[in-house]
Amino acid sequence: MLRKLIFSISIFILAFSILAELRIEITKGSKDPIKLAIVPIEWAIDSPASIYLHEVITKDLEFFGEYSILRPEKMLSLPSVEEELFYRDWRLLDVDYLLLGRAESLSTSKEFLDDIEVSYSIYDVSRQKRLHKAYIRGSLSSLRSLAHGISDSIYKKISGIKGIFSTRILYVDGSNYSKNLYQLRACDFDGMRDLVLVSSDAPIISPSWSSDGKLIAYVSFESGTSNIYIQSIKTGERLLIDPQEGLNSAPVWSSNNKFLAAVLSQNGNSDIYRYNIKKKLWKRLTDHYAIDTEPDWSKNSKKLLFTSNRSGSPQIYELKLSNGRMKRLTFKGSYNARARYLPNGKDIVYVHRENGVFHIAKQNIRTGEMTILTDTNLDESPTVAPNGNLIMYATQHKERKVLAGISIDGITSFVLPSTSGEVRDPSWSPFLN
Amino acid sequence: MNILQVIFFSSVLICSVIGCSVGPAYETASDSSVSATTINSSYEGSTSKSQGIYLFDYDSSALNTTSSNEIKVLAQELNSNSSLRLRIEGHCDERGTREYNLALGERRAQTVRDLLIINGVASKRITTVSYGEEKPINTDSNNNAWAENRRVEVKAF
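Residue numbers (numbering that gives the first Met the number 0), protein chains in the order written: chain Z, 0 to 432; chain C, 0 to 156.
In case anyone wonders, no lab produced these hints; they're calculated from the structure. Owing to the predicted nature of the structure, the values given are computational and were not obtained by experimental measurement. Hints should not be assumed to be uniformly reliable.
Stated by the list, open to error - Calculated cross-link-like contacts (lysine-lysine; reagent style BS3-like; alpha-carbon spacing at most 27 Å):
| id | chain 1 | residue 1 | chain 2 | residue 2 |
| --- | --- | --- | --- | --- |
| 1 | C | Lys134 | Z | Lys397 |
| 2 | C | Lys71 | C | Lys134 |
| 3 | C | Lys48 | Z | Lys132 |
| 4 | C | Lys71 | Z | Lys178 |
Just chain C, with the same shape it has in the complex (with noise of 0.2 Å):
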């Protein structure tokens, strides 16, 4: 093999492998010029312990019986230590809309809030968020996974 060809061949080796960011002076990455932002996230909560779990039907936001029990005695814990504060955060599966799930995914932490306020959990120890469908405890696409990622998680801080 002469130098050429060993050459080519390493170049054709090294292409492949660098995925070819290698389009040498014709392709800068943009015209004009483009800076990347990073982004550390923090919130008060963002440590805390999960308290319960409650799951959903699809398209709902009401609660199973056997969830608005537990949510019950939940409430009942939660009295007996005030200094508690409470971050509700409603989830959904993947289907249908990004937004639209947020706002599903709001009715649902809101439906566990105001069962928890109804039982005497002060309103101003509650935060409630919704994540929608971007935070899914299983990430599969079948019917156990979204049934998992339907849901509410309640924490205390």
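If we strip away everything but chain Z, and leave its shape as in the complex, we get (with noise of 0.2 Å):
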């Protein structure tokens, strides 16, 4: 009787804990979603956590409406092996792929906290083949990561590009502007898992992950100015980094990690310099009298793109640092700023104000091509995932400041509303698995 008593009340308060924290709204989505059935994944172990991970993958391939999720009472038979596959039960129940799991401890004690292995394999239907079988490892105290590994892998198999569902975001929470607390937090991609990082009676801007994901660099205005910080993630341990006179901003890292890019305005007026990190020396980019702020670096760390007004207004400009040639990008309309490369390396996203009202929009460099992504408006501070399909950025949804999210060709769009009435300044994560 105890043991049914405690059953049902985790089954009650793991339902609850999933529905009540997931709070996105999804705005718009794709037309036409790839269908893949999940097959309650066998457990050998206990049947909450089969729930639990069935629910996260759920939710993780559904988030950007990419797919379909065919929800397991519509199923017209539970194979948990191959063997036990008839194509035809799914073909009629019009699904693209399927996916079968099983799950087992590795441990052979009975603690709670045990490894635990999940092996799958993901079937084409209409081609009645295997696509993949794969086995992934964890804990069943991080259950939630080893759901993200598993939808990483999925996506991987079927949209043909790393999934971002590991992903982290890092983001500045002001919402207690008027008690003088500005804290640097970090959430998963979905909101999830939220941690403060840094908490502080002074603003903090413009935080930025480095290439490998394990510090973080950001704007701390705790000395009565702007000056750089790098920070562990894991152990909290800060270095100052080398402050001029004048603005310390916008720091954003190389892709070996060795370099950060940022602002210095100790020659009166704010231009773009290189910090050795290792070697604790500034080397200036830019030279003019005008502002050059908000830099960023291609993959290959040979180009940076940065905000100048040098024509009398904000555009965007790209660097190339081997001639120190730069080359005006952004010919439309009078503010267009904060510019952030894709991976590819071809594209860039950038804040372009249109009629007063400041949108994201996304250009082709060699073209010139642009298109306007977004339908907000007060938006800024684009942020790019490293698969190159979404963008993140802050803006207003209701009254409150957000972080709001859409996919590169426009189609998705989410918010990302969180308990804090203001969030800002998001800076999405390398792939950190």
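From the two separate chains plus the hints, produce the assembled complex.
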């Protein structure tokens, strides 16, 4: 009787945990999602964990509207191994792909925090063949991460590019502004597992992830002016980057983690500089009396994007580091700023003002062709997912400052509301797995 | 109501209240450990007194005539009390990008600083900083609020 009680309670707690925490609103979505059936994962341990795993994978893949997951109630059969699989049962349900899986404990003891292994196979229903077979190991205490790993694997095999389900978002929480409390926080791509990394009584801006995901850089006003800090995610240990007179801001990491590109105004106006982290040396990269700011490195570290008002108002420029040559990229409108490269190095996204409204725009560098991606306004701080498919940015939504996202093709958009009333300055992590 | 139902309903209630940090052993906050850092700011002039606030037009770092005249008067007052040090803080409204606004705020602060220096205030008495859009006076999103936020504050200590 007691065991039944505990069992029922844990199921209900689990169900409510999942439902209450995910407050995502999908505002637009793909019209033709891929139909995937995930057969309830056979679990040799305990079934609430199986439900949990199933729920997280389902929510991951449906998050951007690219997939539609068939619910178990609709299944005609529940094969647990390939031998029990009849493709006809799935063709009848108009399913494109099928996932079968099985979880097992690797530990011989009966301790709750177990090491487990989930083995799974993905099947192509119309071609009637197995696409992929793999296993993933993790622990029960981090089942969510394990689920995200499976989602990444499914996404890679079916959609053909790496999934971002294991990535994290760094952002600033300014909702306690009136109490002089600013926080730098990180959460999963879907807003879960939110953690505080820095709590300060002075403003924090421009957080950015190192390319290996282990360090962050940000600007803090704790000394009464802007200074750049590097911090270890794991230990919280901080390093003040050699401060110069004037502004010290907009830090971004090079792909090899050796350099930061940043903004200094020690010569009277803001210019782009490169900082060698090990040697603690600043090197000036732009030299103009205009405002030069908001650098971004190309993936091969050979070029930098930056914002400059040298033509009279903010526009995007590209600097080739080998020869110092600069090219103006934006010509539409009088305010184009805060550009970020897509991983392909061929396209950029940036903040574009049109008729007084700030949107996120995408542009091809070579052709100059530009598209406005968002229909929200007061948009700022676009950050690009490491697979290049999604952009997250800060905007206003129902009078709150939120993080919103849009797919690079403009089809899917979503809002990531948080319990806080003011979140901003997002930075998307690199791939972490 | 039997005991099972009582426990069920209480756990639902508790869950909704806690907001579910109750994912039991399936959801530690993160797989790898994370440490939080607490910062307490301190700097010279943090308790300084405001000597004047000057407003700016959108996208501009130019002073209007009224402000220029006020600053000239301020320069004279400051020259008669040369022990005072100054902290000039530049600000912007929330529109546009944060880092560009940091630079624009600095331009505004420099404009005020330069005018004080021209009117005889020694430059070594002055520190110029920009907060960009990070410290608004008015957090609403309308023209009035934005106008209040586009400012430079001169503080003495």
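Right, here's what the structure says about each hint:
no.: 1; hint: C:Lys134 to Z:Lys397; in the structure: holds (22 Å)
no.: 2; hint: C:Lys71 to C:Lys134; in the structure: holds (26 Å)
no.: 3; hint: C:Lys48 to Z:Lys132; in the structure: violated (69 Å)
no.: 4; hint: C:Lys71 to Z:Lys178; in the structure: violated (35 Å)
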